[in-house]
Every structure is written in structure tokens, then in C-alpha cells.
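Each chain, letter by letter, is given below.
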Amino acid sequence: MTDIINILRQHSFLVIALVKCGLLLFILLTVLAYLSLFERKVLAHIQSRWGPYRVGPHGLLQPLADGLKFLFKEDPMPAGVDRFVFLLAPFLSLALALTSLAVIPFGPQPLRFSILGTQYETSLGIVDLNIGLLVLFAITALGVYGVALAGWASNSKYPLLGGLRSSAQMMSYELALTMSVVGVILMAGSFNLREIVTAQEGRMFFGLLPRWNVIAGPFPQIIGFFCYFVAAIAETNRAPFDLPEAESELVAGFNTEYASFKFAMFFMGEYANMITVSCLATIMFFGGWTSPFPSAWSWTHFIPSALLAVLGVLLLIDGIRYETILGKLVLPGVGTALCALSALLLFFAPVNNYIQGPFWFLLKVFIFIFFYVWMRGTLPRFRYDQLMAIGWKILLPLSIANVLLTSLGILKWGLR
Amino acid sequence: MLDKVIFYFFAAIAVGSALLMITRRSAVHSAIFLTTTLLATAGIFLQLRAEFLFIVQIILYVGGIMVLFIFVIMLVNLDVAAQQIQYSRQKWVALALALALAGQVGAMLWRAGKLPGQGLLVRGVPAAESLPPNAEAVARSLFGPYMLSFEIASLLLLVAMIGAVVMAKKKV
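Taken in sequence, the protein lines are chains A and B. Numbering-wise, the first sequence is residues 1 to 416 according to the numbering used here. Numbering-wise, the second sequence is residues 1 to 172 according to the numbering used here.
Hints were generated in silico from the structure; no laboratory data involved. All residues carry an ideal CB built from backbone N, CA and C; glycine is no exception. Any given hint could be a false lead.
[To be verified] Capping the alpha-carbon separation at 30 Å, the derived lysine-lysine pairs in DSSO-like fashion look like this:
id, chain 1, residue 1, chain 2, residue 2
1, A, LYS157, B, LYS169
2, A, LYS69, A, LYS157
3, A, LYS69, A, LYS328
4, A, LYS157, A, LYS20
5, A, LYS393, A, LYS412
6, B, LYS4, A, LYS20
7, A, LYS69, A, LYS20
8, A, LYS393, B, LYS169
[Said to hold, decoys possible] Simulated coverage check for chain B against chain A, where a stretch passes if three residues somewhere in it have a Cβ under 8 Å from a Cβ of chain A:
id, stretch
9, 27-40
10, 60-71
Build out the structure end to end from the sequences listed, making use of the hints.
So this is what it looks like as C-alpha cells:
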């Protein structure tokens, strides 16, 4: 027994990393499931509907039901498919999408804790790489394989057309995506995501505005952000650039022949990509975990607990008036739990200080994801030639111009 | 020790998938195994602490060039290709040339005393913290001593790109 503890202690780095991977995976998969509910709900409300409402109070158990359905559905293998590649494609899609989250840092301070009298310290985020940004782009570049191979392996015309479309689309927008962040790399002087955020700390305009890359610096990266955001939507195959799965033309695009859990893997991969891209936008253009308010305003530290309390009270009120018994029990319960969490944050100042960074980071990521859903609900799909024209004739020149202007700005005024 | 394990792991994958690449009948399978070979080679770069080379290999070769390969293969009618003779009829010439090449490489390794058993080229590398940042070192040598060859290479690529555009334009 003591031997095992000693071995674990010697390799504490590995053990901690494994535990962090497991935790992140668990949280991520839950978030992915509820993101689909979130998207359906927001889309429904944009279109004046209620959205999923039957499974659980407010449809809260819908992701669980969907997951079970995916697991237990028949998993047919169409005739004439290339078995090896047909199975490889969804696996690649999901695995790559989940891997990319490993390089994202979620907060500034390392987490310190002690087990059996030994102090350990670990950063928020799985690995802290010197080439973090490049790793993310490499994984994005590999993402094309899942879609292209799925289209080819299905041995069917609609998936093939969908796969071809999407690989052409992803290759075209990868260029704009990569070029659009060069300005940020120039300003931070590093590929390390943590250092890119640290370079954006501090205030400007008499301390009124945060020094985020999107508004500050020798040359504000607003053009870069525009190019990045548009290219990122296209790269993740989301509306209005979701041509690979244009159902009116291609049935369901590259995943037409996929059913049950293999389809779910593509689905989860898409949502995971959405989260990664939002995290990256937050880190590179919106200061990552830095607060939008000056640090002198100490009342802003209570925003997380205030938000939790308001949410909790709203849930309580709504839950008491809910129609079903289950809702009457569950919703007030969750509301009370949120209120308790908020009180906990109020009374334990160290905890409250610690969660400030992750709170702002996750809030910004959430806003980006809301934007994604919002756009899907409002914008019509682009035509294929329009899509290519935007990528090659507008975004790429714009992002190259952004690189030129940023480097000129740095030459003229120096870094800050 | 760990360095050696990592090296042999990636080396085995690279050699194995290279063999699979030339023996598969389906062109898409070959392309996938070529991708695996390139990824394993990238892994060896990482084992040598050349992280920038590692990531550039993945972004350019695996994420760029191989995707184009697969894109083209998907458009080709594979049923015809699969029925053709897989290897050309110069088996014996190829075998002789391959043996000659293997002999050359073997002789060079023998002279350097680097054959298995004599201490193979698995280098013990310094800790990553003690090395200068990779990307900067590459940039310094590219824009320093190798400036001329770098510019010549970029010019060549530019000419190739313009040529491709012109050729594609003529058909319309």
C-alpha cells in the first residue's frame, strides 16, 4: 500500500494530468449534451416556439434521453462502405475536437492543494505549451479528415458531395483563420496562450477600458477579429456556412449514411469545435480571463455570486409555479442550490477571488456560443460560390492587410 | 530510457505504416497510412525537442498537402485504378536499387559505429527548459544565414502558384 502511494507521489505530475483529463472530459461531455438543449431552446425562442418541453422540467432531461436514444438505436452498416475508413471518420472527428481543448488555459492562478501532507500545484488547463496556438491550428487542420473521409467512405453520392464541399470549404477558410491571428501573435510575441492573455492585462484610457487586443495595442485587432470570427464559423461548418450539411441540396451532407452513436460522434465533435473556437476568440481578442472592470472596483468581485443568486431566485419562483410535480420538486431544489453556492462565494473570500478568472473566461465563451446560436437562428445559408468568394476575395486579403498594418504599427509605435 | 521508448514507438509506427502505404490497393487507404507515417515522423521531431518542426510538419504536410491528396483521390474513379496492375514490371531493377541503397546507408552507419548494438542514434536530449525557444531559433536561422536560399525557395513557390493559376484559367 505504501509502495503504491510512493509511486503515485513520484509521478504526481502524470497522475494530476490524468485526473485533470478525466475531469475535463466529464465536464465537457456534459456541457456538450446541454449545449444541444441550449441551442434548441434558443432557436425555438427566436422562432416563437417553446422548444423541448416534455422530458423533465423545461426539457432539462432531453439531452439524457437523446444520449440514451443514440446508444440504443440500431447501428446499420450500409452495403458497399469502406469499413475501416467508415469507422475511422467519426472517431477522428470527435477525438480531434476533444483533444484541442487540452491546450486551453482556463484561469490565471495555479490551483494549490495538499494530499497526505504533500503540497501540489497545478495550472488550470491540462497542458501549458509554448506552441499552444500552433497546436490548436494543427488540430483544426486535421479536422478536415473526419469530414472528407466520412464522405468518401459512405460510398454514396450525397455524402461524397457533402464531403467534397466541406473539405474545399475548410481548406479555404483555414488560410484566413490562420492569417487573421498573426496580428495577435505579433503583438504578444509568443505562441503560448497564457502569455497571449498576460500581454493583454492592464488598462487604458484613464483605466476605463481593458487593454484587450480587439481594441488596444499599436493597431487594434478589430479587423483580425472579424476575419477570425467569420472564418471560424465556416471552419466549424456552422450556419450560415453549413453548406456541407445543406439539407435541401444534400439530404444531410457527409453524415447521411451515419446513424446512432457514430452520428452522435460527429454531432459532439461539431459542438466541441464550437467551444474551442469560442475559447480561442476569448483568449486572443478579448483578454481571456481578465475582467472588463478596473481592479480598483472591488464590488465587481461579487458579480459571480450576484448572478448565481439571481438565477437561483428566478428558478425558485418559476419552479413553485411549474405544472408537473417533478418540476415543482427539481426546479426549486436547483434554485436553492444555486443560492447556497452564491452565499458560499460571499462568505469565502479566497474562493471568490480564485474563481474570478475562470468566471470571466467562461462568461465570454458563453457569449460567443450564444452568438453562434443566434446567427444560426437569423441568417440564411450562403450559396456555394458566395462562400468561396467571401473566403478568398474578402477574408484572406483583409487578414493579410491586417498583418501588414499591425506590423507597421508595431514598427512605428513599438509594442504598447 | 523514456526517450528511447518514445523513439522506437514512433519509429515502429512510421516504418509499419510506410510499408502498409505501398502495399494497400485502395488509394485512400494508402493516403491514410502516408498521413500516419508523417505524424509518426512528427513525433520523432518532438522527441528531439524540435517542437516547432513537429507542429509545422503536422500543419503543412498532414493538414495541408495530404488533405489535397485525399481531395484529388476522392474525385478519381477508384474502381478502374484497383483493377490495374499494382506494381510496374521493373520489380528486379527496383529490388537491386533498393538493396544498393540499403547497403550504402548500412556502410555509412557501420563506419560511424551507429548500428544497433553499437549505440543507435537515439540522442539523449537536454531538458526542454534549457533550450532556447524553438520558433525563434528557426526564424533567426531562416532570416539570418539562410536568407538567400529561403527567398529563392519562396520565389520558386510563388512561380509555381502563379503557374497553377494561369493553367487553371486557360481552360475556362
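- Per-stretch coverage check for the stretch 27-40 of chain B, three Cβ contacts closer than 8 Å to chain A: holds (count 4)
- Message: Tell me if the straight-line CA distance from LYS393(A) to LYS169(B) falls inside 30 Å.
- Response: holds (16 Å)
- Is it true that the CA of LYS69(A) sits at most 30 Å from the CA of LYS20(A)? holds (29 Å)
- Message: With the threshold set at 30 Å, check whether the alpha-carbon distance from LYS393(A) to LYS412(A) stays at or below it.
- Response: Measuring from Cα to Cα gives roughly 29 Å; hence the hint holds.
- Item | Distance restraint between LYS69(A) and LYS328(A), which requires alpha-carbon spacing of 30 Å or less | holds (26 Å)
- Query: Three or more residues of the stretch 60-71 of chain B near chain A by CB distance under 8 Å?
  - Reply: holds (count 7)
- Item | Given hint LYS20(A) paired with LYS4(B) - CA-CA distance at most 30 Å | Measuring from Cα to Cα gives roughly 27 Å; hence the hint holds.
- Query: Keeping to a limit of 30 Å between CA atoms, is the pair of LYS157(A) and LYS20(A) held or broken?
  - Reply: violated (43 Å)
- Message: Run the distance test for LYS157(A) versus LYS169(B): straight-line Cα separation, threshold 30 Å.
- Response: holds (28 Å)
- Message: Check whether the Cα positions of LYS69(A) and LYS157(A) lie no farther apart than 30 Å.
- Response: holds (27 Å)
Of the numbered hints listed earlier, the single one contradicted by the structure is hint 4.
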